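Asker: One letter stands for each residue in the lines below.
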Amino acid sequence: MAIGVKVMKRPERQVSYVRAALKGMVLTFKHMFQPKVTMQYPEEKSTADERGTYTISPRWRGTHRMLTDEQGRSKCVACGLCPQICPANCIKLVPGEDEEGNRYPLIYEIDEFRCIFCGYCQEVCPEEAIHVGVHYENSEYSRDRFVYDLERLSSQVHPVSTLWDPSDPTGE
Amino acid sequence: MTPEFKGFLVISVLKMLVVFTVTMVGVALLTLMERKVSAWMQNRRGPNRVGWAGLLQPAADGVKNIAKEETFPAEANLGIFTLAPALAFIPAMLLSAVIPWAAPVQIDFDTHLPLIGYVSYHGRMAMAVADLPIGFLFVLAISSLGVYGIALAGWSSNNKYSLLGGLRASAQMVSYEVALGMSLIPLLLLTGNVGFGEIVRSQQNGLWFVLPLFLSFFIFLVSGFAETNRLPFDMPEAESELIAGYHTEYSAMKFSLFFIAEYANMVTISAMVATLFFGGWDIPFMRWDEGGSVLAALATGAFMFLKTFFFLFTFMWVRWTLPRFRYDQLMSLGWKFLLPVALCYIMITALAIWGIERVAGITAAVPKLGILFLLNVVLGYIVFFLLDRGHILSGSYRRGEPAGGAASARAAA
Chain A
1 MAIGVKVMKR
11 PERQVSYVRA
21 ALKGMVLTFK
31 HMFQPKVTMQ
41 YPEEKSTADE
51 RGTYTISPRW
61 RGTHRMLTDE
71 QGRSKCVACG
81 LCPQICPANC
91 IKLVPGEDEE
101 GNRYPLIYEI
111 DEFRCIFCGY
121 CQEVCPEEAI
131 HVGVHYENSE
141 YSRDRFVYDL
151 ERLSSQVHPV
161 STLWDPSDPT
171 GE
Chain B
1 MTPEFKGFLV
11 ISVLKMLVVF
21 TVTMVGVALL
31 TLMERKVSAW
41 MQNRRGPNRV
51 GWAGLLQPAA
61 DGVKNIAKEE
71 TFPAEANLGI
81 FTLAPALAFI
91 PAMLLSAVIP
101 WAAPVQIDFD
111 THLPLIGYVS
121 YHGRMAMAVA
131 DLPIGFLFVL
141 AISSLGVYGI
151 ALAGWSSNNK
161 YSLLGGLRAS
171 AQMVSYEVAL
181 GMSLIPLLLL
191 TGNVGFGEIV
201 RSQQNGLWFV
211 LPLFLSFFIF
221 LVSGFAETNR
231 LPFDMPEAES
241 ELIAGYHTEY
251 SAMKFSLFFI
261 AEYANMVTIS
271 AMVATLFFGG
281 WDIPFMRWDE
291 GGSVLAALAT
301 GAFMFLKTFF
311 FLFTFMWVRW
321 TLPRFRYDQL
331 MSLGWKFLLP
341 VALCYIMITA
351 LAIWGIERVA
361 GITAAVPKLG
371 ILFLLNVVLG
381 YIVFFLLDRG
391 HILSGSYRRG
401 EPAGGAASAR
411 AAA
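Protein chains in written order, with the working numbering: chain A, 1 to 172; chain B, 1 to 413.
Among these hints, one or two may not hold up.
Derived EDC-like pairs: lysine to aspartate or glutamate, alpha-carbon spacing no greater than 20 Å straight-line [what the hints assert, rightly or not]: (1) Lys30/A <-> Glu34/B; (2) Lys6/A <-> Glu34/B; (3) Lys45/A <-> Glu137/A; (4) Lys75/A <-> Glu100/A; (5) Lys36/A <-> Asp328/B.
Sample of chain B residues lacking proximity to chain A, with all beta carbon distances greater than 10 Å (derived) [to be verified]: (6) Asn43; (7) Ala86; (8) Leu164.
Pulled a few chain A residues facing chain B out of the computed Cβ check, cut under 8 Å [what the hints assert, rightly or not]: (9) Val18; (10) Ala21; (11) Met25; (12) His31; (13) Met32; (14) Arg145.
None of these hints come from the bench; they were simulated from the model.
These numbers were taken from a predicted model, which means no experiment stands behind them.
Where is the CB? At the ideal position from N, CA and C, for every residue including glycine.
Please model the complete structure; the sequences and the hints are all you need to start from.
Answerer: This is the structure:
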């Protein structure tokens with residue numbers, strides 16, 4: 001064939017095909033006895049801390065969780081910042097006010113299908129109420145189960161992301 | 001029909017059933033082994049969910065493949081399209097008929113069977129389905145038929161990738177068939193017989209032929225890889241270039257049949273390497289394995305299994321080590337390297353045998369094979385250290401042409 005292929009000038013021990021092939025075969029044979037790296041998923045799981053072999057990255061942002069105060073009420077004051085900043089427009093908030101003038105959410109719903117898990121809601125929240133969680137097992141049997149209401153968000157117990165620390169907002 | 005003929009028929013049918021069943025189960029387990037070996041070589045675990053250590057995975061795959069929908073391309077030639085998997089599968093199974101799987105067994109029986117009547121069998125029974133006196137020629141004839149299945153599959157799919165795969169397969173298998181046949185001529189010169197039984201027997205008396213005929217072994221192994229269309233010679237499939245080559249359009253069990261054919265071919269080639277160059281069922285340094293007892297047959301069968309298994313592992317080992325050849329490299333390796341080396345090797349071995357037997361007058365097996373072994377050490381050095389300097393595989397440029405000459409000429413024009 002008259003294709004102009006650039007010819008590499010290599011040392012002779014490199015151009016021997018048989019010896020190179022044998023070298024490769026020795027390498028693959030060695031690999032057969034090396035430790036396996038596959039995670040056996042349902043039996044082994046990634047953990048948020050350093051306990052297990054497999055750890056979730058500290059940057060992981062999973063499904064949300066609403067923190068509650070000592071009386072079991074959600075910390076949310078229905079200020080409206082999270083639906084405002086949400087780029088996916090997935091947070092539905094209807095504010096309410098009790099007799100003492102405390103604002104609280106009448107309806108607080110997050111559509112986890114629309115959520116892009118940017119974590120802005122956690123960053124913007126002045127009360128540290130809404131958080132993105134370190135959690136990745138979210139399967140459900142129907143689509144409507146993915147609209148998490150206030151009760152669902154408050155009853156989640158998985159650890160929350162600590163990447164954004166309110167006392168250190170610029171990440172220093 | 002005489003009782004002897006009936007006995008022969010009964011024994012043959014039994015042997016057929018056993019060989020077919022063992023091969024098919026073995027092929028199923030080989031698909032698992034392939035996945036396991038590939039996983040281990042890549043630091044993975046491989047299938048381990050279905051059954052203990054994934055042993056039932058082939059069964060699950062089989063059920064899935066049978067239950068799947070069969071699709072037919074709209075413009076396909078349906079008759080040939082349906083026939084092709086069978087044409088790939090049948091020669092692969094036929095080949096396993098002539099391989100002696102164990103030492104011959106002494107059998108004597110005269111019994112009355114229901115429906116069949118009086119049957120009898122006396123004498124040594126070869127542990128091959130058909131102990132053909134033309135064993136090796138049969139293998140050459142049948143293994144050439146395997147190309148029909150692949151070429152017709154590629155043609156009838158009416159798909160350009162399949163067609164290219166089929167064409168490549170035809171060219172490749174025809175080319176390497178030549179080197180495959182030629183590589184065995186020195187072996188036939190040594191044994192003076194083409195039957196597999198005789199070839200095994202002549203290795204029992206001296207050395208296994210891998211030592212005195214090392215270059216034959218090497219050429220046969222490489223051609224064997226090409227004949228089975230395994231990496232590094234899997235041109236007909238070539239996932240990254242041709243999608244899946246000749247079986248792009250096949251689905252469900254028809255697709256599986258191509259796979260079964262490939263693995264059955266692997267088994268046959270491995271068994272042939274073991275038989276021709278590694279003494280077949282022979283257990284080294286022992287004579288009792290030729291005694292004809294059932295125990296000896298079982299032991300030699302296990303030994304044959306181990307040898308075959310080692311070469312099956314080698315097939316997988318090579319597949320998961322070496323990258324695919326370029327098509328022109330494949331062709332030049334076959335025609336410009338393997339064939340000339342095989343032809344020269346025939347000449348040299350023939351001269352050496354003539355010299356040793358006629359001139360030097362050595363006819364005892366061991367010294368004769370020992371001298372041939374020394375000759376092979378020298379030839380092996382020449383081939384692997386002097387010839388193999390960028391000559392076995394070469395680029396697509398013409399040797400001697402200045403690099404980039406054609407490209408700069410085109411750029412100037």
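Asker: CA of Lys30/A to CA of Glu34/B, is that 20 Å or under?
Answerer: 17 Å, holds
Asker: Was Asn43/B rightly flagged as not at the interface, with every chain A Cβ beyond 10 Å?
Answerer: At roughly 5 Å from the nearest Cβ of chain A, Asn43/B sits no farther out than 10 Å, so the non-interface label is violated.
Asker: Taking the least C-beta to C-beta distance, is Met25/A closer than 8 Å to chain B?
Answerer: 5 Å, holds
Asker: Would you check whether His31/A satisfies its interface hint, that is, whether its CB is within less than 8 Å of any CB in chain B?
Answerer: Where the cut-off is 8 Å and the nearest Cβ of chain B is about 5 Å from His31/A, the hint holds.
Asker: Would the hint linking Lys36/A and Asp328/B be met if the CA-CA limit is 20 Å?
Answerer: It is violated: about 38 Å lies between the C-alpha atoms, which goes past 20 Å.
Asker: Please verify whether Lys6/A and Glu34/B have alpha carbons no more than 20 Å apart.
Answerer: The hint is violated at about 37 Å.
Asker: Have a go at the Val18/A hint: is there a Cβ in chain B nearer than 8 Å to its own Cβ?
Answerer: Val18/A check passes; min Cβ-Cβ to chain B is 5 Å, inside 8 Å.
Asker: For the hint on Met32/A, does the least C-beta distance to chain B fall short of 8 Å?
Answerer: 4 Å, holds
Asker: Holds or violated: is there a CB of chain B closer than 8 Å to the CB of Ala21/A?
Answerer: Holds. Min distance 6 Å.
Asker: Under 8 Å, Cβ to Cβ, is where Arg145/A needs to be relative to chain B, so tell me if that hint holds or is violated.
Answerer: With a minimum Cβ separation of about 27 Å from chain B (threshold 8 Å), the hint on Arg145/A is violated.
Asker: Classify the label on Leu164/B as holds or violated, using whether its beta-carbon is more than 10 Å from each beta-carbon of chain A.
Answerer: 17 Å, holds
Asker: Taking 20 Å as the top limit, are the C-alpha atoms of Lys75/A and Glu100/A close enough?
Answerer: At roughly 16 Å apart (the allowed maximum being 20 Å), Glu100/A and Lys75/A satisfy the hint.
Consistency note: the structure conflicts with the earlier hints numbered 2, 5, 6, 14.
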